[in-house]
Amino acid sequence: MSRHVVTVTLCVVIAVLPVSLRAHHSFAAEFDSNTVVTLNGVITKVEWTNPHTYFHIDVTDDQGKVTNWAVEGGAPNALYRAGWKPTSLKAGDRVSIVGSRAKDGSNLANATSFTLPDGRCLFAGSSGPNGDATTTCRQVTR
Amino acid sequence: MIDRTRRRVLAVGALSLVVVSWPAVAQWQGYTTPGIPRKADGTFDAAAPVPRAADGKPDLSGIWMAPRIRVDLAQGMKKGETVPFTPEGKRIFDERRATNSKDDPGARCLPTGIPVRATLQTPFKILQTPGVTAILYESRTQFRQILTDGRSLPKEVDWPAWQGFSVGRWEQDTFVVETAGFNGKVWLDQVGTPASDAFRLTERFHRRDFGHMDLEMIIDDRTMYTRPWSTFAELLFQPDTELLEYICEENERDSAKMVGK
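Sequence order for the protein chains is A and B. With the working numbering applied, the first sequence corresponds to residues 1 to 142, in that order. With the working numbering applied, the second sequence corresponds to residues 1 to 261, in that order.
The shape of chain A in the complex, shown without the other chains:
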């Protein structure tokens, strides 16, 4: 029995809530759905803004070097309807984010899921081809 199963179950529940999750632009012009990144770290700043939310996260590598990433989430209205609030993730929160990296190679990604330390997996409101929270959260926990 594991937290893994709980995570999967929660993701399924969240995914069936009525959700409007649409981006305001072509996903493929900016992000590469084939370059999936998993970012484990600490939130440094949250921008609850249109047309996209941004979650900034400090990621520490094996050598101890810290890199700050910007992660684009769905619009506030899409996240709000999915059960989020502006305070759902705050600076200082530990989180694991799975997303698609920006094509320009910068430390920017489009999030597909957020997994909290307690195993809860939050839908990210992505419009990309990896944007199915159910699938993504399952991948994370396997």
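Mixed in with the good hints there might be a few duds.
Said to hold, decoys possible - Straight-line alpha carbon distances no greater than 30 Å define the calculated BS3-like cross-link-like pairs of lysine-lysine that follow:
#	chain 1	residue 1	chain 2	residue 2
1	A	45	A	65
2	B	57	B	125
3	B	90	A	103
4	A	103	B	257
What the hints assert, rightly or not - Interface residues of chain A toward chain B, partial, derived using beta-carbon atoms under 7 Å:
#	residue
5	29
6	30
7	49
8	50
9	51
10	102
11	103
No lab work stands behind these hints, which were simulated from the structure alone. We treat Cβ as the ideally placed atom computed from N, Cα and C, and that holds for glycine.
Position chain B against the provided structure of chain A, taking the given hints into account.
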């Protein structure tokens, strides 16, 4: 391995968590829409009859949204049909595909094409009143006025506009909206289906029952297409929610990052 019962218990537990964590005093999201038909258990009755306005016509008022996202109008065409591009239309469309729509004005918070607004799975509210029917689009805080006071579209438009100018009339129970006077800059959808300033749009709204509306959009633009063509969308009435704020210009950072291929 977890047995099925335990999974079920977990699922119920998870659902309770979500329900309990829902805002208890939600005045917008989750507020119970008054005056709409409900079943004995209190859930929305989508199959109830079409509501009627004072003049006896169907009342289309309410919040509507597509059941799933579609960014390409061609996906709403009848089976076997393809977009009848002119060579010029095809050239522009191919160029936009080749660059992954990086130059879409919508990505810069400029208006989106009217057709794609019905298929992007973003909510919009119809307010039907005598003389004018308004459509409020949540995404980007856009609005349209469809005048139903008997005027017709001007023969020549002296101010080409992003959204054009719209008039509406009833054909039996179908609300027919005609729009002309576009500026030739708008993209009809996110894949880049083009429109010139010769574009004319006819929308046919037919509310099937309380919860369902069929929409046919007829695209007529002899610069881009060899003949008028139709794309179809289904819209679902959205109970127990309200339009939320969406100020696109607030923090638009994508366009600078859109490299295309």
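Status of the hints after comparison with the structure:
1. 45/A to 65/A: holds, 19 Å
2. 57/B to 125/B: holds, 18 Å
3. 90/B to 103/A: holds, 27 Å
4. 103/A to 257/B: holds, 8 Å
5. 29: holds, 4 Å
6. 30: holds, 5 Å
7. 49: holds, 4 Å
8. 50: At 5 Å from the nearest chain B Cβ, residue 50/A passes the 7 Å test, so the hint holds.
9. 51: At about 5 Å, which falls below the 7 Å cut-off, the nearest Cβ of chain B leaves the hint on residue 51/A intact, so it holds.
10. 102: The hint holds - residue 102/A has a Cβ within 7 Å of chain B, the shortest such distance being about 6 Å.
11. 103: holds, 5 Å
Checked against the numbered hints above, the structure breaks none of them.
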